[in-house]
Amino acid sequence: MRFAKLWAGSALAWVAGAGSALAEVDGHAVPWQMGLQPGVTPVAEFIHKFHNYLLLPIITVITLFVLGLLIYVMVRFNAKANPVPSKTTHNTLVEVLWTVIPIIILVVIAIPSFRLLYLQRDVPQGDMTIKVIGNPSWNWTYEYPDLGTNEDGSAKVSFTAYLKPKDKLEAGDTWLLSTDVPVVVPVNKIVRLHVTSDPEGIIHAWTIPAFGMKIDAIPGRLNEDWFQATREGVYYGQCSELCGKDHAFMPIEVHVVSQADYDAWAEKIKTAGADEARNFLMARLKAEGQVAQK
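Using the numbering used here, read the sequence shown as starting at 360 and increasing by one per residue.
Hints listed in this document are in silico derivations from the structure and should not be mistaken for laboratory results. Model, not experiment: these values are computed from the prediction. For glycine and all other residues, C-beta sits at the position ideal for the given N, C-alpha and C. Hints may be right or wrong, so weigh each one.
So the derived label-pair ranges between C-beta atoms look like this [as the list claims (entries may be wrong)]:
id: 1; residue 1: P495; residue 2: A623; range: 32 to 40 Å
id: 2; residue 1: Q392; residue 2: T589; range: 15 to 23 Å
id: 3; residue 1: V466; residue 2: S513; range: 48 to 56 Å
id: 4; residue 1: Y412; residue 2: K439; range: 41 to 49 Å
id: 5; residue 1: P483; residue 2: G427; range: 44 to 52 Å
id: 6; residue 1: I463; residue 2: R435; range: 25 to 33 Å
id: 7; residue 1: W457; residue 2: K527; range: 54 to 62 Å
id: 8; residue 1: T451; residue 2: G427; range: 19 to 27 Å
id: 9; residue 1: S513; residue 2: W457; range: 53 to 61 Å
id: 10; residue 1: E635; residue 2: P495; range: 23 to 31 Å
Think about it this way: if two alpha-carbon atoms lie no more than 25 Å apart in a straight line, the pair counts; the simulated BS3-like pairs of lysine-lysine are [claimed, not checked]:
id: 11; residue 1: K645; residue 2: K548
id: 12; residue 1: K548; residue 2: K629
id: 13; residue 1: K490; residue 2: K627
The whole structure should be built from the sequences, with the hints applied where relevant.
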């Protein structure tokens, strides 16, 4: 008993320590992390509550119940304790219970599940739109049509984000997750995504765990999704559809910044290009103390 209490106390302390360490890092998984990445959108927060307060308790109870049944069967009905096996083939009460109880559990799960699905797929009126294109060269192209269009209807602001080489990583960057040019969006704004893939390409999937979203990029098809990041920071994702030899090198990096910083970045990218806009934004965020100094 004393050992059990000591073990439980140590486990709780370890979990609390892991949670504290996790709270200091946003946007990507960390070593020894337990649970999901911190959610920063309404959808991600719903997913966390659904998992932590409904699914996890239900599966825990089911697992312990089945374990108890297995132990009982092994002890009560083994050959030594029960040399003459029972010839019982039916039990009406048991058969009713194992039919009705799973149905009740599924109904309990279905109600919030449908609410979550509706929240995800009912795309609200957006404050801005970004078009995401998965390329056959295993990178992403982003277009900002709200920042102006050319005569042919194409977006004036368009750039392709590549995996940042390991020898060019800066303070705060993460290998295999950081890109040379990040996506930039303002905090607390609803961002509508139009997601597709190059007609000559293959299926990709634009995914950011902290946003609670994953949407396929399919050649010849335009999918739609949305997110509303409620906290400033840098959030990472990767293509999560097996798409070929460089599938592991197709990261996503999104910077969620204040409206003022976004407006300044938008003006810079329209006049000086994506690289200059990135450098300008990084210098501005460093001056504000929001990113680590190199």
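Problem set entry | Earlier hints that do not hold, by number | Hints that this structure does not satisfy do not exist here, as all of them hold.
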